[in-house]
Amino acid sequence: MEAVTETMVRLPALVPPPTDLPPRAAALRGEVRAFLAQERAAGAWTPRADVWLSGWDERFTRELGSRGWLGMTIPVEYGGHGASPLDRYVVTEELLAAGAPVAAHWVADRQIGPTLMRFGTEAQRQRFLPGIAKGEVYFGIGMSEPDAGSDLAAVRTRAVQVSGGWELTGTKVWTSGAHHAHAFFALARSAPRDEQNRHAGLSQFIVELDSPGVQIRPIPLLTGAHHFNEVVFDGVFVPDDMVLGEIGAGWRQVTSELAFERSGPERFLSTFPLLTALVGELLANGSTPHRELGGLVSRLWTLRRMSLAVAGSLESGEAPELAAAVVKDLGTRYENEVIDVARLLVATPPDPGAEGGYARLLADAVLHAPGFTLRGGTNEVLRGIVARGLGLR
Amino acid sequence: MNDPVNDSVNAELQELAESVFADARGAGTGFDAELWKTLDDTGLARLTLPGDAGGSEGTFSDAAVVLAAAGAHAARVPLVETDLLAGWLLHSAGIAVPAGPLTAVAGELEVAGTGVRGELRRVPWARAAAGVVVLTAGHVVLLGPERLTVTDGANLAEEPRDTAVVQGEVAPTAVAALPGGAAEEFRLRAAFGRAQLLAGAARGALAASVRYAGERVQFGRPIGRFQAVQQQLALAAAEVASASAAASAAAAAVTAGGFTAAASRFAVAAAKARTGEAAGAVARIAHQVHGAIGFTREHDLRLTTTRLWAWRDEDGSDAEWNAEIGAAALAAGPDGLWPMVTGSP
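So the sequence lines, in the order shown, correspond to chains A and B.
Here the first sequence stands for residues 1 to 393, where the numbers follow UniProt numbering.
Here the second sequence stands for residues 1 to 345, where the numbers follow UniProt numbering.
Don't read these hints as lab results, they were simulated from the structure.
Careful: at least some of the hints might be erroneous.
To be verified - Computed, partial: chain B to chain A, Cβ under 10 angstroms:
#1 Ser61
#2 Glu239
#3 Gly336
#4 Thr342
Quick reminder that beta carbons are idealized off the backbone N, C-alpha and C, glycines included.
Okay, chain B solo, but in the shape it has when bound (with noise of 0.2 angstroms):
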């Protein structure tokens, strides 16, 4: 049943992440310190990490509602990265969690007790990184910025996607033994977080478009008049509330049952890929209904566009999710496939 009292805890927090993003939109590029500060100083940078990790012990749920203003809004800033990741992985494994933002990469590095060396790829905001914290095969390993040689690499959105080597010796209390289950947790975490950001960067896509199609004038009338774009934005519309749906959901999921129930699992799953589905179509609209302004780096519409492409194929593409979906559906059987859709076998 609807809850009226989280409901209205959910209200405000979302009144206050929508007005932290807001005031901080803009098209520059890179690590946007001053909004970090805020997010800081709002116990928003790590909102779900305990209390003794810095952090303020909200829900999954909180989470997604602050994780889908930052991703409405274009936030130039390591969120996921810091709290629902590296965070979670340092305090899981018994490793002090340091100020600033973090970010957090599952690669393979060479460890042998405190020597570390090897190079990792695609590290979401390295070089604005107060530290990066490795999962690898046995460990989890902290390292600060002097340890790593950063080349700037980007995705679709421009957002930092670099490239760190790191060849060297690490203080004993930077490197622990990998907890079970963490790699997995950390697999579903990612994509959890960036289904939440999905969800958000279609809604700012949608509002966008919907404001655009109320202001442009063509044929003696704002375009959005017409029956055709309207039939298209009410499509758009849809995929948004499919993906918000699917977001909230894993949500709820998650606050009530942790990243191991296999309920949760399988709503990650498939909220990861009907974020990652709903952003093509929802792009595709925008820029649809945006007319050749929205095709230029004039326009900020690029900003929410340029995320959906790159964050469906980032931590497990649709297609990715998909399959593991598939793959349990056929191991279910016919019989179990309600079961399984239900979660209630």
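In isolation and in its complexed conformation, chain A is listed as follows (with noise of 0.2 angstroms):
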């Protein structure tokens, strides 16, 4: 048995050791609980599955802005409120669990406030973090293109340089909310493939979608809405000022930034309204199917502890990759299997013309589901960072 003893030893930390939420949370916690109460009160919104794409609500974006709950992590010096990660993590999870209207600031937020931390110039920094942090300043994110999906390291769309900047030519697709932001980040070749290093040669680039040869057009999902598009460039100029980083290191901010969004709450609560929903229809009923409830309530409770372990960890300086794929692996199938119990337990089929409620909830539940285990690398791939982490490739 020696032999499976020093596996165990090899075996990689699978998860990161419990975070707990510092004291000053459940304060935190209990003003945006209010705000919330008070948004729905007035009938401001009404809750939503899937709400960090299709919730877009630029008065409720600003909103939050004005209340300090955006940009919480950016430096006050940037307008920002200079908060730990961890208080970002309340705000986010109430707002999520609420169905709240969190689209337009959310790439926002989320990555982009960040990475221009990490990787932006002073004047980047100055420019966009401001506006961010009042909910008034909106960002996607263009990475996917037709024929670069799973192997990012295969975008085609080409940066030149030109004179005083870069000329941009390609298409990036699946580009959420391109159609109302005011910028978005383009992952571009920047220099010509090399097939021993796939990785090299990639930029990113801060591009302003007002920007003269720069064509938006929606790819609507299955529900019908226009929440993706395409984008388009054509001989875009972007002047040397906007390089996000470093030419030639774009493969490395860009997977620095995946490893952040892999494991947030909105991996496994974008099926939380429906979830809330069902509860009310089976007391409605007179139904007692606890066993079943029960698991999804266990497994929720175990998702959110592994997924503070990892934004605790990630606090602490450290990027427990491993864990983070295994929170989105989990949590997003998770999503699903939401919807699969509330089916087995309820009879009221989906309504998409509903105004809201449960029926409305598992209608959009049920044609956001594909997205969930895709967006943000498929499960598939994510398992396959796992896999290596185990040693087996």
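Both chains are given apart, each in its own frame, so use the hints to dock them into the complex.
Put into structure tokens, the structure is as follows:
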């Protein structure tokens, strides 16, 4: 049995140690809940599933900004609030659990702010961060292309150096919110492809979406709603001061972004409003399927504890890539499982035309579900990362 | 936040536990007296008990680390029973804690003064215990081996789950009134300990499977090189991670608030439910990866997988604990569900 013992020691830590939220989090959580209750009482919006993709509401976003709940981790000198990622975690999970419309600021708040702090120039930070924290500047992400999905290194958008900057030509797809956003981060090939090192020669650019040569076309989702876009560049000029980070370092920059975005509460709460409505339906029907409902609740509790553990580990400066991949794999499957169990327990068919309530939440959840296990790295790709972590490849 | 000081203490304890249990690992059956002696000598046998009960005054997070290692290496000792259950129950009832391995069971005994009679079923390790502690409707009773007629029984992992018959007198110092709340805490402690063991056994089964997938060659390469096998092992790893996270989070909750806090009760229930669910998934994938050899007594995979199958149904199955959580969720209603999950009313 000596052999097995050696392997046991070598198995990587699959999840960081538990993280407890700091005591101040309770007061913050209370403030967010009071605000949400007030919004709901005023009928300002209807709770929806998958709100970080579908809930675009600039008024709501500005309200959050005025309360100091956007750009929370951005330093004060850039208009942010210098708070900890765990404070942001509390605000984010409360908004998602309530099914509140968070899409307008989602990308800017989650990714763009931290990435600008990490790789942006002083001028770029000064220019964008205050607007992000106020909830007035919206961003998209331009990574995927028609022939570059899971295989991101296959991007073909070309960046050619010209006087004073770069000229971009190519097509980005699945860009959420590009039709409303002010700018996005585009990943492009700035040097010819090297078959020996496919990750070399990629760079990131901040592209303002009203630049000449940018065309934005809708790609309707299964619901028919317009959230995704195709963004076509035809010789779009990007000045040198809008290069993000280093030319040629795009792959490293992009993958470091991904590690941060894989394990947040949005990876297991996309269908939580449906679960809440399910409890209401069960109570109304006098139905008591305790085991099935309890299974959903205990798994949700576990996912949240795992996600918090990763957040705590990130805050300590570690990059628990394997654990983050595991949270996303389990969490996005859980989001689907909520739908399966709801259908098992309640006989109400989905109704995409309903204003709100269980039938509408179910309809949106079913039609949005295929995206859960695709976005941010497909679950199969993530399992490949886990297998590598286990030493299998 | 992560706590660097506690993390490093835990890392040392983990190393100690890992080496103690790995050394003892083997395919034998029955009580491992040699391992027990080592556990006694190192203070791990009574890790969470207070000093005046012969314990090491460790936290429940410490216990989680040690029990996970015990589960991973299929240790044949009544660690949960001695430390978390029998020792605690005796100490709380004011009965002196005897030396040696102990066990505990909730059962129906007729207790009249110092006269006791009854039959106790599926008592863990009864045949090897220096004392069996019984939690009855109104009493705590300590029974020495000389008071018991034991008939051997076993769980799926061939661990002793014996029937013990008692009829006669015990010393007045071996009977006490049941302390308030002890019955509920006993149930939670048993589930807590079992969840930690399950998380460890799941990790042990995964480790064996990763190792085997790297060694077993078919179609000219180790089977772990095939994406189909990698994807299965990644799914198993996710279940192991989730089981470990649930068990560790329960330990943190209990370390912070004891077993009576509402958050602790919820955490223990959820941890036993989640580790129990993960057990089946991990065992299934571990056997699939091992192929026919893992399905035989010749291979040691069974030491962890049979424990996973046995333990998931002991001290409350995942179905039972999920039913409790589900009932609480319905009682909380739509507006109370999220506060329940976050533990923030």
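Structure-based check of each hint:
1. Using the Cβ-Cβ criterion of 10 angstroms, the hint placing Ser61(B) at the interface with chain A is satisfied: the shortest such distance is roughly 8 angstroms.
2. With a least beta-carbon distance of about 8 angstroms to chain A, the hint placing Glu239(B) at the interface is held under the 10 angstroms criterion.
3. Checking Gly336(B) against chain A by beta carbon gives a least distance of about 9 angstroms; that is within 10 angstroms, so the hint holds.
4. Against a cut-off of 10 angstroms between C-beta atoms, the interface hint on Thr342(B) holds, since the closest Cβ of chain A lies about 7 angstroms away.
Of the numbered hints stated above, none is contradicted by the structure.
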